[in-house]
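A.B. asks: Protein sequence lines, in the order shown, are assigned to chains A and B.
Everything in the first sequence is counted per my numbering, starting at 1 for the first residue and increasing by one.
Everything in the second sequence is counted per my numbering, starting at 80 for the first residue and increasing by one.
A portion of the hints provided could be inaccurate.
[Stated by the list, open to error] Between beta-carbon pairs, the in silico distance windows are:
id: 1; chain 1: A; residue 1: Asp32; chain 2: B; residue 2: Lys89; range: 40 to 46 Å
id: 2; chain 1: B; residue 1: Gly108; chain 2: A; residue 2: Asp32; range: 47 to 53 Å
id: 3; chain 1: B; residue 1: Ala103; chain 2: A; residue 2: Glu56; range: 29 to 35 Å
id: 4; chain 1: B; residue 1: Gly108; chain 2: A; residue 2: Asp49; range: 29 to 35 Å
id: 5; chain 1: B; residue 1: Pro95; chain 2: A; residue 2: Asn68; range: 30 to 36 Å
id: 6; chain 1: B; residue 1: Leu107; chain 2: A; residue 2: Leu28; range: 41 to 47 Å
id: 7; chain 1: B; residue 1: Asn129; chain 2: A; residue 2: Thr69; range: 27 to 33 Å
id: 8; chain 1: B; residue 1: Lys130; chain 2: A; residue 2: Asn35; range: 14 to 20 Å
Worth flagging that the hints you see were computed from the coordinates, not collected in a lab.
Keep in mind the model is a prediction, meaning the values are calculated, not measured.
Even glycine gets a Cβ: it sits at the ideal position worked out from N, Cα and C.
There are 2 protein chains.
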Amino acid sequence: MKAIVYIRLKSEVLDPQGQAIESALKNLGENDIKNVRQGKLIEMDIQADNKKDAEEKIEKITKSLLANTVIEEYSIEIG
Amino acid sequence: MKAIVYIRLKSEVLDPQGQAIESALKNLGENDIKNVRQGKLIEMDIQADNKKDAEEKIEKITKSLLANTVIEEYSIEIG
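If we strip away everything but chain A, and leave its shape as in the complex, we get (with noise of 0.2 Å):
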């Protein structure tokens, strides 16, 4: 089974990254972009017996090692 899983950080933690993409665009004269916020995703291929035993053993590696809940927060789609 493919799975994604993606991690964005939290809405109210502040995010240089997408702030220097945003300050980039500028630079280039592109004033239309606003509020660039940059995330991650990973994909894996998973043997699970069904969906949810998948959508289980990922929450878990999610929250154990992929994002740091604390600042982040991540959905998954498996499919």
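Could you slot chain B onto chain A? The hints should help.
C.D. replies: Positioned in the frame of chain A, the structure of chain B alone reads:
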């Protein structure tokens, strides 16, 4: 308009971050997860007259600034 650009390493490009995650998972006893690949996502608000204009603009900045198209591929989601 909200837009998200998903950027992934091309499949033929080595992904050391993904390998590091996979190896950390193995050390935690998780052997059912394979082929881990890490990418990034960039979210933004864009001001444009319509979806087509927004898409063209975002494709332009993705090629010129956000993605390294030699080693990365991207997809754009607007909505």
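A.B. asks: Could you run down the list of hints and mark each one as holding or not?
C.D. replies: Quick rundown of the hints versus the structure:
1. A:Asp32 with B:Lys89: 40 to 46 Å: Hint violated: Cβ distance 29 Å, outside 40 to 46 Å.
2. B:Gly108 with A:Asp32: 47 to 53 Å: holds, 49 Å
3. B:Ala103 with A:Glu56: 29 to 35 Å: Hint violated: Cβ distance 19 Å, outside 29 to 35 Å.
4. B:Gly108 with A:Asp49: 29 to 35 Å: violated, 18 Å
5. B:Pro95 with A:Asn68: 30 to 36 Å: Check failed, 20 Å falls outside 30 to 36 Å.
6. B:Leu107 with A:Leu28: 41 to 47 Å: holds, 43 Å
7. B:Asn129 with A:Thr69: 27 to 33 Å: violated, 38 Å
8. B:Lys130 with A:Asn35: 14 to 20 Å: holds, 18 Å
The structure fails hints 1, 3, 4, 5 and 7 (numbered hints given earlier, in ascending order).
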